[in-house]
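Novice: Sequence lines, in order, name chains W and C. Counted from 1, the first sequence has number 365 at position 365 by our numbering; the numbering is strictly sequential. Counted from 1, the second sequence has number 263 at position 263 by our numbering; the numbering is strictly sequential.
Where hints are given, some of them may not hold.
To be verified - A short, non-exhaustive set of chain W residues, derived as facing chain C with CB atoms under 7 Å:
#	residue
1	Arg109
2	Trp161
3	Thr188
4	Ala189
5	Gln193
6	Pro211
7	Leu244
8	His283
9	Ser284
10	Ala454
To be verified - Mimicking DMTMM-like on lysine to aspartate or glutamate, the simulated pairs with C-alpha atoms at most 20 Å apart in a straight line are:
#	chain 1	residue 1	chain 2	residue 2
11	C	Lys296	W	Asp191
12	W	Lys296	W	Asp270
13	W	Lys241	C	Asp3
14	C	Lys241	W	Asp191
15	W	Lys434	W	Asp451
16	C	Lys241	W	Asp270
17	W	Lys241	C	Glu388
18	C	Lys38	C	Asp371
19	W	Lys9	W	Glu42
Simulated from the structure, these hints should not be mistaken for lab results. C-beta atoms are modelled at their ideal positions from N, C-alpha and C, and glycine is treated no differently.
2 protein chains.
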Amino acid sequence: MPDYAQIKKELEGLAVEDNPALVRQKSRDFYWYSPILKEELESVTADLVVSPKSEEEVIRVLKVAYAHGVPVTPRGAGTGNYGQAMPLSGGIVLNLINMNKVKEIHPGRVIAEPGIVIAELDRQTKAHSGQELRFHPSTAQTATIGGFVAGGSGGVGSIHWGGLRDLGNILRLRVVTMEAEPRVLDLTAWDLQKVTHAYGTNGIIVEVEMPLAPAYDWVDVLVGYDDFMDAVRFGDALAHKNGLLVKEIAPIAAPIPYDYFPRHKPFLRDRNQSIVVLMIAPHSMDAFTAFAERQKGEILFRSDKVESMKGIPHAYELAWNHTTLRALKVDPGFTYLQVQYPGPDHVAKVEKMTKLFGDEVPGHLEFIKFDGRMQCSGLPLVRYTTRERLEEIMQIHRDNGCPIFNPHRYTLEEGGMKQTDTVQLAFKKETDPKGLLNPGKMIAWDNPDFDFSAGKNYLFPGLAAAGG
Amino acid sequence: MPDYAQIKKELEGLAVEDNPALVRQKSRDFYWYSPILKEELESVTADLVVSPKSEEEVIRVLKVAYAHGVPVTPRGAGTGNYGQAMPLSGGIVLNLINMNKVKEIHPGRVIAEPGIVIAELDRQTKAHSGQELRFHPSTAQTATIGGFVAGGSGGVGSIHWGGLRDLGNILRLRVVTMEAEPRVLDLTAWDLQKVTHAYGTNGIIVEVEMPLAPAYDWVDVLVGYDDFMDAVRFGDALAHKNGLLVKEIAPIAAPIPYDYFPRHKPFLRDRNQSIVVLMIAPHSMDAFTAFAERQKGEILFRSDKVESMKGIPHAYELAWNHTTLRALKVDPGFTYLQVQYPGPDHVAKVEKMTKLFGDEVPGHLEFIKFDGRMQCSGLPLVRYTTRERLEEIMQIHRDNGCPIFNPHRYTLEEGGMKQTDTVQLAFKKETDPKGLLNPGKMIAWDNPDFDFSAGKNYLFPGLAAAGG
Ligand SMILES: Cc1cc2nc3c(=O)[nH]c(=O)nc-3n(C[C@H](O)[C@H](O)[C@H](O)COP(=O)(O)OP(=O)(O)OC[C@H]3O[C@@H](n4cnc5c(N)ncnc54)[C@H](O)[C@@H]3O)c2cc1C
Ligand SMILES: Cc1cc2nc3c(=O)[nH]c(=O)nc-3n(C[C@H](O)[C@H](O)[C@H](O)COP(=O)(O)OP(=O)(O)OC[C@H]3O[C@@H](n4cnc5c(N)ncnc54)[C@H](O)[C@@H]3O)c2cc1C
Numbered sequence: 001m002p003d004y005a006q007i008k009k010e011l012e013g014l015a016v017e018d019n020p021a022l023v024r025q026k027s028r029d030f031y032w033y034s035p036i037l038k039e040e041l042e043s044v045t046a047d048l049v050v051s052p053k054s055e056e057e058v059i060r061v062l063k064v065a066y067a068h069g070v071p072v073t074p075r076g077a078g079t080g081n082y083g084q085a086m087p088l089s090g091g092i093v094l095n096l097i098n099m100n101k102v103k104e105i106h107p108g109r110v111i112a113e114p115g116i117v118i119a120e121l122d123r124q125t126k127a128h129s130g131q132e133l134r135f136h137p138s139t140a141q142t143a144t145i146g147g148f149v150a151g152g153s154g155g156v157g158s159i160h161w162g163g164l165r166d167l168g169n170i171l172r173l174r175v176v177t178m179e180a181e182p183r184v185l186d187l188t189a190w191d192l193q194k195v196t197h198a199y200g201t202n203g204i205i206v207e208v209e210m211p212l213a214p215a216y217d218w219v220d221v222l223v224g225y226d227d228f229m230d231a232v233r234f235g236d237a238l239a240h241k242n243g244l245l246v247k248e249i250a251p252i253a254a255p256i257p258y259d260y261f262p263r264h265k266p267f268l269r270d271r272n273q274s275i276v277v278l279m280i281a282p283h284s285m286d287a288f289t290a291f292a293e294r295q296k297g298e299i300l301f302r303s304d305k306v307e308s309m310k311g312i313p314h315a316y317e318l319a320w321n322h323t324t325l326r327a328l329k330v331d332p333g334f335t336y337l338q339v340q341y342p343g344p345d346h347v348a349k350v351e352k353m354t355k356l357f358g359d360e361v362p363g364h365l366e367f368i369k370f371d372g373r374m375q376c377s378g379l380p381l382v383r384y385t386t387r388e389r390l391e392e393i394m395q396i397h398r399d400n401g402c403p404i405f406n407p408h409r410y411t412l413e414e415g416g417m418k419q420t421d422t423v424q425l426a427f428k429k430e431t432d433p434k435g436l437l438n439p440g441k442m443i444a445w446d447n448p449d450f451d452f453s454a455g456k457n458y459l460f461p462g463l464a465a466a467g468g
Numbered sequence: 001m002p003d004y005a006q007i008k009k010e011l012e013g014l015a016v017e018d019n020p021a022l023v024r025q026k027s028r029d030f031y032w033y034s035p036i037l038k039e040e041l042e043s044v045t046a047d048l049v050v051s052p053k054s055e056e057e058v059i060r061v062l063k064v065a066y067a068h069g070v071p072v073t074p075r076g077a078g079t080g081n082y083g084q085a086m087p088l089s090g091g092i093v094l095n096l097i098n099m100n101k102v103k104e105i106h107p108g109r110v111i112a113e114p115g116i117v118i119a120e121l122d123r124q125t126k127a128h129s130g131q132e133l134r135f136h137p138s139t140a141q142t143a144t145i146g147g148f149v150a151g152g153s154g155g156v157g158s159i160h161w162g163g164l165r166d167l168g169n170i171l172r173l174r175v176v177t178m179e180a181e182p183r184v185l186d187l188t189a190w191d192l193q194k195v196t197h198a199y200g201t202n203g204i205i206v207e208v209e210m211p212l213a214p215a216y217d218w219v220d221v222l223v224g225y226d227d228f229m230d231a232v233r234f235g236d237a238l239a240h241k242n243g244l245l246v247k248e249i250a251p252i253a254a255p256i257p258y259d260y261f262p263r264h265k266p267f268l269r270d271r272n273q274s275i276v277v278l279m280i281a282p283h284s285m286d287a288f289t290a291f292a293e294r295q296k297g298e299i300l301f302r303s304d305k306v307e308s309m310k311g312i313p314h315a316y317e318l319a320w321n322h323t324t325l326r327a328l329k330v331d332p333g334f335t336y337l338q339v340q341y342p343g344p345d346h347v348a349k350v351e352k353m354t355k356l357f358g359d360e361v362p363g364h365l366e367f368i369k370f371d372g373r374m375q376c377s378g379l380p381l382v383r384y385t386t387r388e389r390l391e392e393i394m395q396i397h398r399d400n401g402c403p404i405f406n407p408h409r410y411t412l413e414e415g416g417m418k419q420t421d422t423v424q425l426a427f428k429k430e431t432d433p434k435g436l437l438n439p440g441k442m443i444a445w446d447n448p449d450f451d452f453s454a455g456k457n458y459l460f461p462g463l464a465a466a467g468g
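The shape of chain W in the complex, shown without the other chains (with noise of 0.2 Å):
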C-alpha cells in the first residue's frame, strides 16, 4: 500500500481530494449504461483525486505517482461509457478540468488546454472568428476535449470529417510521459496514432491542436416518415446531396422518438412517426426543404420557426449515445449495440436488420465519412431479454456483414478490434515503463497471450485485487 500521507505531502500547493465519497464520485463514467460493466465496476474508486492547474502540476504529479508506484488514470467529465476513466488498481485520479484555457485561435486551427469542456471551447472560437470543431460528441455541452480525443471517436459533424483516428483530424497532442523525469512530446500526423483513443493508457495529453470549420447558427430539423426505412433512404439521399450543407443526419425508429423525447413529442402527429434528425446550415435552408419536399419528407420541426426553444435540448442531444441515454432513462429494460454498416449497400443492410428484428431492435443510424464515402453506422437500442439473445442478436448482425463492437467492454481491445494495436502499445513501453496509466485497459500490456477467439472477456486481475 502506498504512503498516501507521504504522497499528499509532495502533492502540497496542488488540489487533492481524499475524501471517499468525492473520491468515488470522481472515480465514475457512464460505464452504468451497461448492465455488465455496472456490476464488474461498480466498487471500483480511487485514493486521491489531484486536479493540475498546469502542465509543470501534471509533470509534478507524474514524478511523484513514478516514485511511489501509484497508478495514474487521467479524467475530463467522466462522460466515457465504458469505464475509461475509472481507476481499476485504485491510486491517484488526475482530474483535467481544471486545465481549460484556450491558447491561441488561428484560421482553421485553435490551441487549448485539454480540460475545456468542448461547447465552451467552440463558444469561444465562433465569437473570437467564426469557428468552431469539425465534429463533437453529442456531449459536447459537458465533456472535455481531452476526454474526447482520449476516449471519444466522432460526432456531431463526423457525417462531413470522419473520425478523430483519421489523418488531419487532429493536428497536435502535447503529452507527458510517466517516468522518473516525465518528458514533454509534441506529435504530429502520423505519431497522433500513438494515443488518440488511448484511453490514458500511455501518455497525459495536456495540449491539444484542432482544426476548426465554420460555425453556422445550425438549424435542427426533425423530418418525420411513417416508415423507419423511409427515412433511412431520405438521410441517405441527404447525405448525398453536395451542395447541402449538413452537420448531422441521424434516422431514429419508432416508437423511441414519441416514447422518450418529451420535449420533441407534441411536434409528432403520433407514435408510429420514425423521424431524422438534422443540423442544416441556415443557408441550406431553402435547398434543403425543396428537398424534403419533394422526397415526401414531413418538416415537424424547425427551430428557426418555433416560438421559443427554451427547454427544448439541442437535436444534437437526440442523437448519438444520447438516444440510448433518454431510452434508458425512462426504461431501464433497454440496452444498445453499436453496428457498423459498410457501404455501398448499407440501406439495404439496414433494411434486413429492420426486418429481422423489428420493434425488439428499433433502429437508430448515424450517417458518417469513412474513407471518404458515406455510409452509416448504428446505435441501435434492443429491448433486453437475456444475455443469450443478446448475444445472438449481434452474430446475426456479423453474418450480415455488419461489424458489432462491443460497448460492453472496458478494455480497449474488447471495445474495439479485439486485436493489439501495436503502435500504442510500443509507445506505452516507451512513455509508461512502470504501467501505471490507467492499468487494466490495455490487454496486450498486461497479458500479451490473451486469446480473443476464445470468447472469453478479460478480466483485469487489479481491478480485483484494488477495489473488489
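Assemble the complex: chain W is given as a structure, and chain C with the ligands must be docked to it using the hints.
Specialist: For chain C with the ligands alone, coordinates are given in the frame of chain W:
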C-alpha cells in the same frame, strides 16, 4: 434591319458602343479553343454593345430591344469556351461588367451583382469575414460570377461541393425577362435550374446570391510521379482522406507540365514527371506531407516554402481548362476532350484509356464530388491529326463507359447531354416569347424537331443570315 439610330436615341444616357472594332471585340469569347468553332463563328459580331450599370438600366435596354425585335446576348467577361457569349444573330451585346458591386455579406452567403470578377468577389468576402465562394472556375481572375452561373459548370473546390447544377450551390438568382414589360423574378431552390447554365437564353441575371465556404491561405503544391497512373492513384487516395482539407486535385501526365508550364518547369526533375496539382489548407499541410511521403510522392513545389511567388501563377491556373490553354498557346496542334469517368471504377477507366492512347492523349484529370461520391472528370489533351481520328478517340471513350461532353459545339444541347432541357425551354417560353435572348444556342427553341441521333451538327440558320 432594325433602326439602330432610333435605338441609340432611346438608350440615351446609357453606355452604348457602336465602333465596329470594339463591338467585334466584345462579341468574342474563347471559342477559338476549338478549331471547329473557330471556323464556324469567326465572322460573328453584334451591332451595339450596351453596358448597363443597374437593374433599371437592364430593364430599359430589354424594353427597347423587345420593342424593336433586336436580339440581346448577355456577356460577362467572355471567357467561355464554346461561343456561348457570341451574338449569332447580331443585335445587342449586353455587357454586364459594370454591374460589379457586392451588396451584402453574411455567414455562409454573399449577394452581388453579376458582373463582378470572381477573384474580386472572393477578395471582398475574405477581407470581410474570412469567407470565399465554394468553388470557382480557373478563370477566376477574369471571369464574372454571372457568366460562371450562366455558362460554367464547376471548378476549383468542386472536389467538395460538386457543380453549379447541384441543389444548394446557388442560393438565389434575380432575373429580368425579355418582354414588352420586363419582369423581375427571384428564383430559388429547384427553380434555379431554369437559368443555371442556360447561356442567358431565358433571362438576364442581375443579382446572384451564392453560398460561401471558409477562405484559407491555400498552399499550392505539386507532387511528382514517374508514372501517370501513380499520380492518379495518389490523387484518388488523397481525395478519399476525410480529414485532409484539399481544394484541388488535378493529375496531369508527362510531358505536359515540363513542356508547357514554364514557370513551374524548374521544379520538375525531368520531362518524364507527371504531376498532381494541389491546393491544401495550411492547417492540413503537416498531415498532408506525412501522407504524401507514405505514398512515395515527391513534393516538387510548395508555395509556402518557395523563396518568391513572383511570376509564378496560381496552381489552379495550371488546371481545369488552363492546362489546355497553356499547351495550345505553345502548340496549336493540340485539341482536347471533356470526359467523365464514372465511379466507383473511375481509376480503372482512366488506366484503360491511358494504356490505349499513350502520348496521343496526354491525361489530365479533375477530382470532383458527384452525387456525394468522389469521381473524376478529365480534360485530356489530344495531339490532333484528323477529324476522323478525333471522332474515333471519342467513340472509344464512349465504348468504354466514359461519356464525352463535346467542347466543339455552341448549342446547349450538343455541348451537354444531347437532349432538350424541358425546364429551360418552358421557362424561355415564359420569359422570352420573341426568342430574342442569345439566339441560336437552344436548339429546342429554334428547331424542336432536330434529330440528335442523326449524327449531324446543328447549324443555326440565323448565324448565316446575320454574320456569315
Ligand atoms: C449520452 C452520451 C453521449 C455520447 N456521445 C458520444 C459521441 O457522440 N461521440 C463519442 O465519441 N463519444 C460519445 N460519448 C462518450 C463520451 O461522452 C465522449 O467520448 C467524451 O468526449 C468523453 O470526454 P470526457 O471529458 O467525458 O472524457 P472522460 O470520460 O473523462 O475520459 C475518456 C477517456 O480519456 C482519458 N482521458 C481524459 N482526459 C485525458 C487527458 N487529458 N489525457 C489522456 N487521457 C485522458 C480517460 O482516462 C478516459 O480513458 C457519449 C457518452 C454519453 C454518456
Ligand atoms: C482557360 C480557361 C479555363 C476555364 N476554366 C473553367 C472552369 O474551371 N470551370 C468552368 O466552369 N468554366 C471554365 N472556363 C469557362 C469560363 O471561363 C467560365 O465558365 C466563366 O465562369 C465564364 O464567365 P464569363 O464572365 O467569362 O462568362 P461569359 O463567357 O461572358 O458568358 C458565359 C455565358 O453566360 C451568359 N451570361 C453572362 N452573363 C450573364 C448574365 N448576367 N445573365 C445571363 N447570362 C449571362 C453569356 O451569354 C454566355 O452564354 C474556362 C475557360 C477558359 C478560357
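Novice: Does each hint hold? Answer for all of them.
Specialist: Status of each hint after checking the structure:
{"no.": "1", "hint": "Arg109", "in the structure": "holds, 4 Å"}
{"no.": "2", "hint": "Trp161", "in the structure": "holds, 5 Å"}
{"no.": "3", "hint": "Thr188", "in the structure": "holds, 5 Å"}
{"no.": "4", "hint": "Ala189", "in the structure": "holds, 4 Å"}
{"no.": "5", "hint": "Gln193", "in the structure": "violated, 11 Å"}
{"no.": "6", "hint": "Pro211", "in the structure": "holds, 5 Å"}
{"no.": "7", "hint": "Leu244", "in the structure": "holds, 4 Å"}
{"no.": "8", "hint": "His283", "in the structure": "holds, 4 Å"}
{"no.": "9", "hint": "Ser284", "in the structure": "holds, 5 Å"}
{"no.": "10", "hint": "Ala454", "in the structure": "violated, 35 Å"}
{"no.": "11", "hint": "Lys296/C to Asp191/W", "in the structure": "holds, 18 Å"}
{"no.": "12", "hint": "Lys296/W to Asp270/W", "in the structure": "holds, 17 Å"}
{"no.": "13", "hint": "Lys241/W to Asp3/C", "in the structure": "violated, 50 Å"}
{"no.": "14", "hint": "Lys241/C to Asp191/W", "in the structure": "holds, 17 Å"}
{"no.": "15", "hint": "Lys434/W to Asp451/W", "in the structure": "violated, 24 Å"}
{"no.": "16", "hint": "Lys241/C to Asp270/W", "in the structure": "violated, 42 Å"}
{"no.": "17", "hint": "Lys241/W to Glu388/C", "in the structure": "violated, 39 Å"}
{"no.": "18", "hint": "Lys38/C to Asp371/C", "in the structure": "violated, 35 Å"}
{"no.": "19", "hint": "Lys9/W to Glu42/W", "in the structure": "violated, 30 Å"}
Going down the numbered hints, you'll see the structure goes against 5, 10, 13, 15, 16, 17, 18, 19, while the others check out.
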